[in-house]
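Engineer: So you can see what is in the structure, the chains are spelled out below.
Protein chains: 2
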Amino acid sequence: MNISIREGREEDLPEIFELIKELALFEKAPEQVTNTIDRMRKEGFGDNPVYSFFVAENQSGIIGAAIHYIRYSTWKGARLFLEDLIVKESFRGLGAGSLLFEKCIELGKKQGYSGMTWQVLDWNQPAIDLYNKYNSQLEAGWLNANLDY
Amino acid sequence: MNISIREGREEDLPEIFELIKELALFEKAPEQVTNTIDRMRKEGFGDNPVYSFFVAENQSGIIGAAIHYIRYSTWKGARLFLEDLIVKESFRGLGAGSLLFEKCIELGKKQGYSGMTWQVLDWNQPAIDLYNKYNSQLEAGWLNANLDY
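For the protein sequence lines, the chains are A and B, in the order given.
Here the first sequence stands for residues 1 to 149, numbered as in the numbering used here.
Here the second sequence stands for residues 1 to 149, numbered as in the numbering used here.
The hints are simulated quantities; they were obtained by calculation from the structure and are not laboratory data.
Hints are not guaranteed to be accurate.
Identical copies go unnamed one by one, so any copy, or any two together, can satisfy a pair.
[Stated by the list, open to error] List of simulated lysine-lysine pairs, DSSO-like, C-alpha gap at most 30 Å:
id, residue 1, residue 2
1, Lys88, Lys42
2, Lys76, Lys88
3, Lys109, Lys28
4, Lys42, Lys133
With the sequences and hints as input, model every part of the structure.
Structural biologist: Pasting the structure below:
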């Protein structure tokens, strides 16, 4: 199966938002998605884009996406933060995840970032297995903290 | 003791970098700081600033800082990410941390972000106590992942 990777466009957002909701369901937190396509439009394709994304496609259309933004690490400087790496359930195991992941590494290197950072749920073994193939350093012991306005 | 909060300036960077190293030491990871003042200058005060910060001052000078950037949550939209909240050891317990924290909340609200996000080490009880005062939601179960170039 032929999979190609390209930069995400504004018209992809409705499909991307479906993928985001699919991932939130998988991560057992569907109620936490308060984002909207309209908000994604403004924040990704307005005057000051906060995020960008890559999509993976095959002959049936979009089968996955990698959404990323620039994070600032005071320890290591600017880095690419991989917010979501998502492959549609029926297309998993075909290499789309690796292709998207490698595209993000490539982008970060090109931009002169110090590296790439992301998070993974400690029970998401398929994802952990993928990241280990790339010699990622996985670290426990941090709590995520949120204050919603 | 009078503590005032103001926006950080480029000339504050050498002092801020000392605070960052102090925090990394407290977090038992001083060897992870590969950032430099020069890099902080470029990434914070160049053409496309990636981060900003507030400083807390009293009559003796800078006693703390809050370093932040815009993160993109696919679940909740653009948010303020509080990268580091640091108060010099000899000035802790005087309220500088709360003032800096509240300033960040205020900034995020003004910018129309959906909320504030940050991380805390699960053994850093004084910080956890502070965050609980603000009804922050703290969540375990995520691994931090890094790939350095």
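Engineer: One pair to classify: Lys109 and Lys28, alpha carbons no more than 30 Å apart. Within, between, both, or neither?
Structural biologist: For Lys109 and Lys28, only the inter-copy Cα distance (28 Å) is at most 30 Å; the intra-copy one is 33 Å.
Engineer: Treating 30 Å as the Cα threshold, decide for Lys76 and Lys88: within, between, both or neither.
Structural biologist: For Lys76 and Lys88, the Cα distance is within 30 Å only across copies (21 Å; inside one copy 33 Å).
Engineer: Using 30 Å as the alpha-carbon threshold, which applies to Lys42 and Lys133: within, between, both, or neither?
Structural biologist: neither (36 Å within a copy, 33 Å between copies)
Engineer: As a check of your reading, is Lys88 near Lys42 (CA-CA no more than 30 Å) within one copy, between copies, both or neither?
Structural biologist: Answer is within: at 25 Å inside a copy they meet the 30 Å cutoff, but 39 Å across does not.
In terms of the numbered hints stated before, the structure departs from hint 4 and from no other.
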